[in-house]
Amino acid sequence: MTFLSFLISGISLGSIYAIIALGYTMVYGIAKMLNFAHGDVIMVGAYICFFATSRYEMPPIVGILLAVVVCTILGIVIEKLAYKPLRAAPILAVLITAIGVSYFLQNAALLLWSSNPKVFKPIVPTGSRITLFDGQLSISVITLVTIASCIVIMIALTTFTSKSKMGKAMRACSEDKGAAQLMGINVNATISLTFAIGSGLAAIAGVLLCSAYPTLVPTTGAMPGIKAFTAAVFGGIGSIPGALVGGILLGVIEIFAKAYITTQLSDAICFAVLIVVLLVKPAGLLGKQIREKV
Amino acid sequence: MAEILKVDNINVYYGAIHAIKGISFHVDEGEVVTLIGANGAGKSTTLNTISGLLRSKTGSVEFMGKSLNRTPAHKIVSQGLALVPEGRRVFLQMTVQENLEMGAFTQKNSGVAADLEMVYQQFPRLKERYKQTAGTLSGGEQQMLAMGRALMSHPKLLMLDEPSMGLAPILVEQIFEIIQNLHNAGTTILLVEQNAQAALSVADRGYVLETGKVVTTGSGTELLSSPEIKKAYLGG
Numbered sequence: 001m002t003f004l005s006f007l008i009s010g011i012s013l014g015s016i017y018a019i020i021a022l023g024y025t026m027v028y029g030i031a032k033m034l035n036f037a038h039g040d041v042i043m044v045g046a047y048i049c050f051f052a053t054s055r056y057e058m059p060p061i062v063g064i065l066l067a068v069v070v071c072t073i074l075g076i077v078i079e080k081l082a083y084k085p086l087r088a089a090p091i092l093a094v095l096i097t098a099i100g101v102s103y104f105l106q107n108a109a110l111l112l113w114s115s116n117p118k119v120f121k122p123i124v125p126t127g128s129r130i131t132l133f134d135g136q137l138s139i140s141v142i143t144l145v146t147i148a149s150c151i152v153i154m155i156a157l158t159t160f161t162s163k164s165k166m167g168k169a170m171r172a173c174s175e176d177k178g179a180a181q182l183m184g185i186n187v188n189a190t191i192s193l194t195f196a197i198g199s200g201l202a203a204i205a206g207v208l209l210c211s212a213y214p215t216l217v218p219t220t221g222a223m224p225g226i227k228a229f230t231a232a233v234f235g236g237i238g239s240i241p242g243a244l245v246g247g248i249l250l251g252v253i254e255i256f257a258k259a260y261i262t263t264q265l266s267d268a269i270c271f272a273v274l275i276v277v278l279l280v281k282p283a284g285l286l287g288k289q290i291r292e293k294v
Numbered sequence: 295m296a297e298i299l300k301v302d303n304i305n306v307y308y309g310a311i312h313a314i315k316g317i318s319f320h321v322d323e324g325e326v327v328t329l330i331g332a333n334g335a336g337k338s339t340t341l342n343t344i345s346g347l348l349r350s351k352t353g354s355v356e357f358m359g360k361s362l363n364r365t366p367a368h369k370i371v372s373q374g375l376a377l378v379p380e381g382r383r384v385f386l387q388m389t390v391q392e393n394l395e396m397g398a399f400t401q402k403n404s405g406v407a408a409d410l411e412m413v414y415q416q417f418p419r420l421k422e423r424y425k426q427t428a429g430t431l432s433g434g435e436q437q438m439l440a441m442g443r444a445l446m447s448h449p450k451l452l453m454l455d456e457p458s459m460g461l462a463p464i465l466v467e468q469i470f471e472i473i474q475n476l477h478n479a480g481t482t483i484l485l486v487e488q489n490a491q492a493a494l495s496v497a498d499r500g501y502v503l504e505t506g507k508v509v510t511t512g513s514g515t516e517l518l519s520s521p522e523i524k525k526a527y528l529g530g
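Residue numbers (our numbering), protein chains in the order written: chain B, 1 to 294; chain Y, 295 to 530.
Rather than coming from a laboratory, the hints here were simulated on the basis of the structure.
Don't take each hint at face value.
[As the list claims (entries may be wrong)] With a cut-off of at most 20 Å between alpha-carbon atoms, the simulated DMTMM-like pairs for lysine to aspartate or glutamate come out as follows: (1) B:Lys163 with Y:Glu392; (2) B:Lys165 with Y:Glu392; (3) Y:Lys425 with B:Glu175; (4) Y:Lys450 with Y:Asp322; (5) Y:Lys360 with Y:Glu297.
[Said to hold, decoys possible] Covered by chain Y, per the in silico footprint, the following chain B stretches (three or more residues, Cβ under 8 Å): (6) 79-86; (7) 167-173; (8) 182-196.
[To be verified] Listing some non-contacts, in silico: residues in chain Y with all C-beta distances to chain B over 12 Å: (9) Asp302; (10) Lys351; (11) Val378.
All of these numbers come straight from a predicted model, not from anything done at the bench.
Heads up, the beta-carbon is just placed ideally off N, CA and C, and yes, glycines get one too.
Make the full structure from the sequences, and use the hints.
Set out below in structure tokens:
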């Protein structure tokens with residue numbers, strides 16, 4: 001039973017990684033850039049929800065919606081101000097800019113909200129648990145909410161990209177921007193939309209993360225951001241199902257490493273697994289084989 | 295006949311390279327006009343400039359009396375100008391039908407089903423494969439898909455960039471048959487080809503390009519029988 005409960009915790013943590021990884025993978029798929037500021041958008045989302053629910057005592061759902069709206073706008077603004085002017089620049093310039101934006105967000109948070117940890121008020125009351133098998137297995141409600149959110153988001157996003165006109169346009173842009181323009185697709189607007197979706201999801205991830213681990217500081221988003229990036233690469237960057245698989249696997253590995261090996265080394269084990277996967281499958285588990293143009 | 299496209303003295307650069315040196319030409323409604331010339335003569339560059347992917351430093355591109363000089367590429371297709379790009383550039387990971395739907399991106403959703411039917415009628419092979427991803431199609435089928443995709447936008451002028459490139463002779467024949475059919479149905483076509491023989495046989499008029507300049511112009515039959523053209527482009 002302890003195994004099962006660890007597995008469920010792992011899937012729940014992995015669900016958060018998966019939701020964050022979606023932002024990395026979608027932006028990479030379309031803009032071909034790694035948005036290292038993505039993790040810090042999570043932190044901003046968590047702070048917004050924190051102030052809404054704790055300081056202004058709004059109901060959790062309002063806090064979440066507010067966080068999503070603010071992060072969506074933040075994502076669009078970041079893209080417009082920091083990345084769009086670099087559309088034709090070498091990727092290294094864009095990468096360094098992304099790291100710069102990441103530091104900017106962390107320091108802005110430090111300035112605005114100080115380094116004192118805030119105690120996040122979970123969106124479902126702490127201690128609410130569901131017990132199964134005559135009390136042998138006890139799962140917290142937030143764990144289940146997290147997993148359910150991840151499933152809903154995955155289904156919604158897959159439907160969006162495979163069925164809707166804008167979703168298909170996104171896929172077209174990610175394959176060939178020039179040809180997409182010839183179809184009449186506005187590539188800049190599509191990139192903005194991608195950032196908007198990714199950042200909105202980051203807000204949800206932030207709220208879920210802080211509901212499970214309630215300490216909120218300006219660097220809260222950094223480590224989960226890096227882990228989710230790892231998950232995205234692990235699953236195959238650019239692939240939406242890859243983000244899901246990579247995220248869940250990473251979460252499960254991390255929790256098992258913590259439970260059965262050692263807490264201190266759990267991060268090292270996560271990254272070691274990543275290295276092994278990339279050695280065997282350089283494109284990631286579900287990554288597309290890169291075809292060389294002849 | 296009304297002039298549909300007017301290209302006037304355009305100059306296009308790739309960095310320091312002066313690729314197009316003051317090209318001017320026009321296309322009238324209902325015509326098939328071809329630009330022929332060797333590799334690097336500036337044929338594709340000209341088409342990419344008309345469709346807004348590249349910009350001209352000077353001169354103007356006018357389509358149906360309106361200047362396209364400042365129109366972004368994604369707004370040009372809704373004006374009635376479609377380009378089938380060199381190398382086809384279909385969306386390989388999307389299905390045949392999704393590719394065609396992308397062609398109709400600027401169209402009202404209500405008309406798409408009928409347009410799909412129209413394209414499938416013209417290219418029955420595409421109908422057989424509508425669920426397959428474009429990457430699984432042969433080169434000839436991909437060319438048909440790229441053409442069908444462009445037709446989905448109801449173009450007033452269809453621009454084809456090297457439609458026969460890399461295709462087996464029998465498929466080249468098929469592609470030119472399709473071009474002839476489109477012409478007979480009244481579509482205005484601007485055709486860029488290295489296969490000068492085939493291009494000139496379907497074209498009303500042709501322009502011969504050499505290192506970024508128009509060197510000769512005339513009707514298709516005139517150019518086909520001109521001794522210099524024969525020597526330079528038609529293999530003697």
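Consistency of the hints with the structure:
Taking the CA atoms of Lys163 of chain B and Glu392 of chain Y, the gap is about 10 Å. The hint holds against a cut of 20 Å. Proposed proximity of Lys165 of chain B and Glu392 of chain Y is supported: the alpha carbons are some 9 Å apart, at most 20 Å. At most 20 Å may separate the alpha-carbon atoms for a hinted pair to count; Lys425 of chain Y and Glu175 of chain B meet this at roughly 18 Å. For the proposed pair Lys450 of chain Y and Asp322 of chain Y, the alpha carbon gap of about 11 Å is at most 20 Å, so the pair holds.
For the hint linking Lys360 of chain Y to Glu297 of chain Y, the alpha-carbon distance of about 12 Å falls within 20 Å, and the restraint holds. Coverage of a stretch by a chain is defined here by at least three residues with a beta carbon nearer than 8 Å to that chain's beta carbons; for the stretch 79-86 of chain B and chain Y the count is 0, and the condition is violated. With 4 residues having a beta carbon nearer than 8 Å to a beta carbon of chain Y, the stretch 167-173 of chain B meets the requirement of three or more and the stated coverage holds. For a cut-off of 8 Å, the count of residues in the stretch 182-196 of chain B with a CB near a CB of chain Y stands at 6, and the three-residue condition holds.
Every CB of chain B is more than 12 Å from the CB of Asp302 of chain Y (nearest about 23 Å), matching its label as outside the interface. Non-interface status of Lys351 of chain Y relative to chain B is upheld: no Cβ of that chain comes within 12 Å, the nearest being about 18 Å off. A beta-carbon of chain B comes within 12 Å of the beta-carbon of Val378 of chain Y; the shortest separation is about 9 Å.
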